[in-house]
Amino acid sequence: MEPIFEQFVRDLTGGFQIPFWAPMLVSLGLVLAFIALNAMFMIWLERKICGRIQRRLGPMLTGPKAWARFSMWTGGWFQTPCDSVKLLLKEDIVPAQVDRFGFMLAPVLIFMAALAVYVPLPISSTAHGQPSPIVVAVADLDIGLLYVVAITTLTILAILTAGWASNNKYSLLGGMRAGVQILSYEIPMLFALMGPMVLAGSLSLGDLVLVQHAGLFGVPFLGWFLVPSFLGAVVYLICAVAETNRPPFDMPEAEQELVAGFSTEYTAMRFAMFYLAEFSNTFVVCMIFTAVFLGGWTLPGFVPPGSLNLGFFHLPYFDLLAGMAIFFAKAYAVVLLLMWIRWTFPRLRPDHLMTFGWKFLLPLSFLNLLICTVLAAVQQIYFGGNPG
Amino acid sequence: MSPIGLNHFLGLGAVLFCLGAYGVLTRRNAIAVLMSLELMFNAVNLNLVAFARFLPNLDGVVLAVFVIAVAAAEAAVGVALVLSIYRNFRHIDLDQVDTMKG
Amino acid sequence: MMRQFPANPDLTVEEFELNMGPQHPSTHGVLRLVLTMDGERVVRCKPVVGYLHRSIEKMAENRTYTQVIPVTDRLDYCTSMTSNYVYVMAVEDLADITAPPRAQYIRVIMSELNRIASHLLWYGTFALEVGATTPFIYGFRDREKVLDLFESTCGARLLYNYLRIGGVSRDLPEDFCERMLAFLDEWEPLIREYEALLDENPIFYNRTKKVGILSPEAALTYGVSGPNLRASGMARDVRREEPYAVYPDLEFDIPVRTEGDVFARYRVRMEELRQSARILRQCAEKLPKGPFLEPQPLRLVLPEGETYVHLESPRGDIGCHLVSKGTDKPYRCKFRTPSFCHIEVFEHLVRDCLIPDIMAICASFDVVLPETDR
Amino acid sequence: MIFDPNPVAFWLLAAMVTGCALAVIRAHKLYHAGLALVGTLFGVAGLYGLLQVWFLAGVQVLVYVGAIVILLLFAIMLTHHMMTPNLKTLSTQPWTAAAMCLMLLAVLLGGILSSTWQTAPDTTVYPTWTSQSGFQVAEAIPSVKALGFRLLDPFTLPFEMVSVLILVAMIAALAVARKPPTPEDPAEGCEEVVP
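Residue numbers (my numbering), protein chains in the order written: chain Z, 1 to 388; chain B, 389 to 490; chain U, 491 to 864; chain R, 865 to 1059.
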């Protein structure tokens, strides 16, 4: 992020040297804005998809009437902003018998985790004014994937704390369920991600994407790790749904069983933070899936030019914008898949969930790791070493 | 501010270790004792990593990885023991778990 | 120092009591289950009813025989027609009145339509209890069409107050049969769609198969009736065993499953939807012309005596025990409602289950609380 | 390059670590002690980051916060009523223990201050694999790859031993925490007991 940001400011102002904290502050602002806006859009989309699947229209009344007349996909645009304002204005209740410290800490913790996890996620790359292409991320960490998985564990902590501090049996059961579920599904998820790690020889998400672009066995179309590590992709996606507590893995907040699970006692802004974090995390797992299995911002055999000259209009940073467009298109394709799953399946039972995770997904992820290791060895021996 | 050297890290490690030791000595609850033990593990790890970076030798980091692995194993067995004690005594107050005294 | 030894050495975690209801998203109204839990496992379950008691039976004692009919609507808001019917049947039995044939057919049509509406409602909520949201909307969408038919007949969509002593309150509209057949033609293929959403789904299969198994013996002991009894392998149906109205003239099967689990109860109800459609088609064909009501005096006085009649409501065997002392008001009007018996079974079935199983089991019995408490 | 951690960051992290550690050993509600332990662990992870050992920082958060502390919190939830504070926090002789620990601290600090360490700037050539040139290329920051090679080259045996240890610990934990089998016990127990 920093080199590009500096370059951008220099381009714009003609040689202005930015202070060292500016990129951090700007990326923090960008991520915050992205989380809020994207979650709003996703909630709207979720309701529309849900409506489509259930043969109804979804929200149609808020927003410009003229658009709503056009089709169901253009109506109700202002629904989620209105809902957010409503949530903001509601009374913030801290029940008398709760543990105040934990009760107040939990939403902050879950939101912090949702925010921090964006750091190593690469959304594009650009060669503009740089000697070699630079990955666009807040910081393309050397330990990217490990960082993401580590930060995710904070979510368990937050949910457990919310469940415990609420001093409500439903909340406690929800918190415990969430803890057990996320903890159990983290293991197959890690092993599923390990396949691509071995293939790329790196933990950095940027490297993973670049390796996929280079291709496996010299064939660019084999490059997406979806192909060599197909089992891993399936296992990861299932585990990711479980990690984000989305249906059919929404045991922790199963409405029909535990009222609202760990968030039963939460209202107003605190509840909104849980809700926002949930959607943010959903999108994050889709972004990770895109970066790790779907080739990130690249398309096989396609390298966008650094700038686009349309004759009358010169568009700099074209490779950056094209990469972002590709990346978000892929990520939203995964989001749509998750939504489709959500509105189709019934909910699992906690013990079935455990059996499924430990006895099915975990061996499958081991198998995937084995396949990937063999493929990586073949690549290394016959095709000139680790591409990473 | 004066530059930070190896001694700063070692000193912090010592403080952390002593806090952990105090916890182990004074806490009566088995889980609290386990937590204090984790503090001591961390103090040791901090020293190892500081040594690895200041007397440049990566072995310290490798050792720290091993310590974390052992700590994980210790916690698993420890919690299992706590649950087992709880099942038999309905409490986990270590001062009262003394049936072996006869 | 005092050392406390456990009362039960097998306990791993502390047992705690969980009040599920009377306000809980999935207890459909106001059922309260007092659960003793060991973690997620249910150790004991004690259903508590009575939160919706409206003393319908007492109210009936202070009204004339005709005035009781709207009260019976409130017995079970999902199938007001059959609640009406069982009361009207008791009065007719005691007064020795026979409704004209057209009225008999209309009553059967209404009962079966109401069975469809009730089962669709059940399908939606049952799916919701196991965590699938989409079937809920499907079920309610098609229930609306049945309600439209009711609305065109008697003007009401929920509490019909349609049946009268000696017939029904008004004749069917002109085009009722055509519209009903059009609805059936459109709707019957959709049953396949409902099943496609749940039947072949491994998650649903795992949630419902071998869960909450009710043996035929236990079912009889607890007085379970209707689809729930038939799912336990007993082919008992009042329509077949003590046929009333025009059921002897109609051909229909009684779906039976032998497993007695949640899945079997679900399947039986799905098959009943088809059978109801079959009955309705026959009724539309055979519906005779003629009067729809044999008018009765406004202040109907029944001879002294008592009677017990029962019929097959969507939920099971609903009965009415009517005692007359020769006045214009019932001396005693007691309803035997299937849901009340079904709730008793929970205590027996829910033991050693997990919380999600409670939901699946409770929902599979199709309990309606107003009927339980009366 | 002389290795020079940022002093502001160090002192902030040191304050966080010490403060949270104090809370761990003094908190009345055990759950709060657990949360404070998370704070300490994050502080230590931050110190690892300050020492540029990012991999270890990640592992610290993943294993300690993600597994060990969660496990401890589960144990707290299973063995305590929800809100009862742990009343008897300290044993009968807190002051003796404090004195002993202070003495220990004095000894440790004295040892640290009286020793002279052979500190040196980090100039090690950490081996890194690249496709062009095989093992080579110097890196001043210990990368994940460098650590991986170090872990598997001279420390292969301990590495494998640790995996055996973890396996043994897992089996032992299961054996200890398992319910004594009863005849009517279902094959699949409830899932919370498995640590």
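In case anyone wonders, no lab produced these hints; they're calculated from the structure.
Hints should not be assumed to be uniformly reliable.
To be verified - Partner residues are not named here, just some residues of chain U that face chain Z (Cβ under 7 Å, in silico):
1) L508
2) G621
3) F694
4) M724
5) A725
6) R726
7) P846
The beta carbon of each residue, even a glycine, is placed where N, CA and C say it ideally should be.
Quick rundown of the hints versus the structure:
Annotation: interface hint on L508 (chain U) holds; nearest CB of chain Z at approximately 5 Å, less than 7 Å. At its closest, the beta carbon of G621 (chain U) sits 2 Å from a beta carbon of chain Z; the interface hint therefore holds under the 7 Å criterion. Because the beta carbon of F694 (chain U) sits about 5 Å from the nearest beta carbon in chain Z, less than 7 Å, this interface hint is met. The restraint placing M724 (chain U) at the interface with chain Z is violated, with a minimum CB-CB distance near 28 Å, outside the 7 Å limit.
Interface restraint check for A725 (chain U): the shortest CB-CB distance to chain Z comes to about 29 Å, outside 7 Å, so the restraint is violated. Because the beta carbon of R726 (chain U) sits about 30 Å from the nearest beta carbon in chain Z, more than 7 Å, this interface hint is broken. At a threshold of 7 Å, the smallest CB-CB gap from P846 (chain U) to chain Z is about 5 Å, leaving the interface hint in force.
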